[in-house]
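S.K.: Protein chains in written order, with the numbering used here: chain A, 93 to 632; chain B, 3 to 193.
Hint data in this document are derived by calculation from the structure and do not stem from the laboratory.
Misleading hints may appear alongside valid ones.
[Stated by the list, open to error] Covered by chain B, per the in silico footprint, the following chain A stretches (three or more residues, Cβ under 8 angstroms):
id, region
1, 237 to 243
2, 276 to 283
3, 391 to 404
[What the hints assert, rightly or not] With a straight-line cut-off of 16 angstroms between C-alpha atoms, the simulated EDC-like cross-links for lysine to aspartate or glutamate are:
id, chain 1, residue 1, chain 2, residue 2
4, A, 283, A, 440
5, A, 104, B, 150
6, A, 426, A, 440
7, A, 283, A, 242
8, B, 174, A, 111
Note that CB positions come from ideal geometry on N, CA and C, so glycine has one too.
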Amino acid sequence: MNTQARWEQIDKVVAAALELPAPERDTYVDSVCGAGTPLSTEVRALIRAYEQAGDFLDSVTYRGNASAIEAEAGSFEGRRAGPYRLIRVIGRGGMGMVYLGRRDDEQFEKEVAVKLIDPALYSPSLMRRFQHERRILAGLEHPNIARLLDAGLTSEGIPFIVMEFVAGEPVHEYCRKQDLPVRDRLRLFLKICDAVQFAHRSLVVHRDLKPSNILVTEEGIPKLLDFGIAKMLSPVGTEAEPGTMPLTQAMTPDYASPEQLRGANVNTATDVYSLGVLLFELLAGHRPYVLSGKPLEEIVRVVCEEMPVRLSLAAGKTPLAKELAGDLDHIVAKAIRKDPSERYVSVEHFAADIERYLGGFPVQARRPSVRYTVGKYVRRHKMGFVLAAVALLLGFGSVAAIVRQANIAERERTVAQRRFDQVRQLAHSIIFELHDGVLDTGDAPSQEIPPPSQSRVLPQYQVRPLPPPQRAALVLVDMLGYSVADASAILGVSEGTVKSRCARGRAKLLPYLAHLRSDYPGGRNQAVADGVPSEQGGGG
Amino acid sequence: MTEPGSVEVTSLLHRWTLGDRSALESLMPLVYAELRRLARRSIAAEHPGHTLQTTALVHEAYLKLVRQDRAQWKDRAHFLGVAAQMMRRILIDYARAARTDKRRVMVGAISLDDAHPRAPARPVDFLDLHEALEELRGFDEQKARVVELRFFGGLSVDEASEVLGISTATVKREWNVARAWLAHRLNATDS
Numbered sequence: 093m094n095t096q097a098r099w100e101q102i103d104k105v106v107a108a109a110l111e112l113p114a115p116e117r118d119t120y121v122d123s124v125c126g127a128g129t130p131l132s133t134e135v136r137a138l139i140r141a142y143e144q145a146g147d148f149l150d151s152v153t154y155r156g157n158a159s160a161i162e163a164e165a166g167s168f169e170g171r172r173a174g175p176y177r178l179i180r181v182i183g184r185g186g187m188g189m190v191y192l193g194r195r196d197d198e199q200f201e202k203e204v205a206v207k208l209i210d211p212a213l214y215s216p217s218l219m220r221r222f223q224h225e226r227r228i229l230a231g232l233e234h235p236n237i238a239r240l241l242d243a244g245l246t247s248e249g250i251p252f253i254v255m256e257f258v259a260g261e262p263v264h265e266y267c268r269k270q271d272l273p274v275r276d277r278l279r280l281f282l283k284i285c286d287a288v289q290f291a292h293r294s295l296v297v298h299r300d301l302k303p304s305n306i307l308v309t310e311e312g313i314p315k316l317l318d319f320g321i322a323k324m325l326s327p328v329g330t331e332a333e334p335g336t337m338p339l340t341q342a343m344t345p346d347y348a349s350p351e352q353l354r355g356a357n358v359n360t361a362t363d364v365y366s367l368g369v370l371l372f373e374l375l376a377g378h379r380p381y382v383l384s385g386k387p388l389e390e391i392v393r394v395v396c397e398e399m400p401v402r403l404s405l406a407a408g409k410t411p412l413a414k415e416l417a418g419d420l421d422h423i424v425a426k427a428i429r430k431d432p433s434e435r436y437v438s439v440e441h442f443a444a445d446i447e448r449y450l451g452g453f454p455v456q457a458r459r460p461s462v463r464y465t466v467g468k469y470v471r472r473h474k475m476g477f478v479l480a481a482v483a484l485l486l487g488f489g490s491v492a493a494i495v496r497q498a499n500i501a502e503r504e505r506t507v508a509q510r511r512f513d514q515v516r517q518l519a520h521s522i523i524f525e526l527h528d529g530v531l532d533t534g535d536a537p538s539q540e541i542p543p544p545s546q547s548r549v550l551p552q553y554q555v556r557p558l559p560p561p562q563r564a565a566l567v568l569v570d571m572l573g574y575s576v577a578d579a580s581a582i583l584g585v586s587e588g589t590v591k592s593r594c595a596r597g598r599a600k601l602l603p604y605l606a607h608l609r610s611d612y613p614g615g616r617n618q619a620v621a622d623g624v625p626s627e628q629g630g631g632g
Numbered sequence: 003m004t005e006p007g008s009v010e011v012t013s014l015l016h017r018w019t020l021g022d023r024s025a026l027e028s029l030m031p032l033v034y035a036e037l038r039r040l041a042r043r044s045i046a047a048e049h050p051g052h053t054l055q056t057t058a059l060v061h062e063a064y065l066k067l068v069r070q071d072r073a074q075w076k077d078r079a080h081f082l083g084v085a086a087q088m089m090r091r092i093l094i095d096y097a098r099a100a101r102t103d104k105r106r107v108m109v110g111a112i113s114l115d116d117a118h119p120r121a122p123a124r125p126v127d128f129l130d131l132h133e134a135l136e137e138l139r140g141f142d143e144q145k146a147r148v149v150e151l152r153f154f155g156g157l158s159v160d161e162a163s164e165v166l167g168i169s170t171a172t173v174k175r176e177w178n179v180a181r182a183w184l185a186h187r188l189n190a191t192d193s
């Protein structure tokens, strides 16, 4: 019997048996095929399978998310989302495709960005949250935040978000292409901080700050995209169950904070962290951790446990590294601390510290030290210092007097100017030595300090450097105006020691003062300036 | 971009029903495109693991594509017959795409047309089902076709009988035996 004929036989018996009530089927099969025959066995097996199959073939279940959809980029071109026609794909994110959209009615020839949310992220409760959040986000008006204009469902039931269309490129690429100096990068970053801070005041946390969400226009204006969208799309109650995977597909683990990866509460500190990672990347050229290609558990471990590399080390052995070393190292490190409570308490504080850095003020991210504080002061007032030193050395009450003197007569002007320049040069040299002297007394320097240079000084004004302790005392007391008591506290020596160091330092400087005075007659009649010691009184 | 006109679909159906084979060739791409769109939306909108209501999709495509005031009941059956084939092809595409991603399209979950709920079946991989169905077609084409119409097209027994030109009793009979054979075949594959 060939297989076809055999199948026809089986078919006939099975069909007939299945017409009968289940308990009678076996009896029927045996009666037709003979009990225990191969045919009977085979037919019975089919009947058993049928009986056990339940709702088999009643429906198809699809497991997993819609990769087939994602593969079809651009498939919505020409379609509509609400009143907007989708022109072309301008980007794709974890959340879905972004299209350039244009309003159909002519009077609004406005181009917008329409983000079609990947329906895989869709959940029944999403729309309610969506509506709630969009009301808040629509009110977020800031020059550096791309406005949320509209949101809704397409006729296909796909949620979409309409945002201000920003023509620009991601902030990291912008910085790279423009080859922006560090200080310009910082200023650009401050604008970003301002926008984030503004949103925080409106109680909106971004949650997904990353370069692709921060576009810089041709005019150099940064615009933040997708504010609050991540929260809008995260499933309700995500912030639970530590150790699980709370990341929505929308999120990039590269910029996600440890608490985000752990599934703990997400708040403004999370944005501080992401901004820290962003600043790191903008300055060093890459992020603090290498995470790409790693499985999620490994990413969580690295971000939550491993110490990030120092910013300046990340920049490699470049001139840039030198610029990043110190304050910026500390600022970035503070922003990306693993414990949110150790970070800047707000984006505002973060930004303020960067402004302090830019202004030459001591940054809060660093533990204060004498070397550091005084060093900052001296650097900040470099020019003022020079002039103050001139005044001090010459016994002038004010620098203005020198300038006035220099202007007395047309005939004398050139000479006076030249002398003034020489004096300034000398003072400059002395100041730097004094400054370096102060540096020596502080905590161990993290980088090599260039040795005081004598070359800047004309031969006749060559000053033998003061021993560092004396220089330190003089700078604090005579230049910075610290009281002897304060100087003693700062330097960690007794007040008597401060006094005697000052005295010895001044004594050594006296010959030069005398020299300068004789060289610059205008100073002769001037009263001895405050702080210039009395033992110098008869000199000159 | 123009939607396929419902008039066009209706008249193509008419011509095909009247014996014009070329009408079917024109019809298939339209039906395929619409079904694919519907399936995409449906698969995506569901949570992972949700039931994909293939039959609902096929009916939706029908409502969408065919001018119903002009269409006859026979048109509908024929349309759904075409749609069932298309649906199956679409699902195979998805299943293949999904398999490369280590995801699976599974068969079995919710009872659709049964008044008394049956025990939920152990889910079966869709591609396994597809292969089994092709095997069945090798020695019993009619049964394979019935399964396709009813499972992928959501056709009722009456509609399937209209499309295949066989009695309703035969459709029921073929459907039952085909289910028995497929269930058995897939059990064997599994273990």
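S.K.: Which earlier hints turn out false for this structure, listed by number in ascending order?
M.R.: 1, 2, 3, 5, 7
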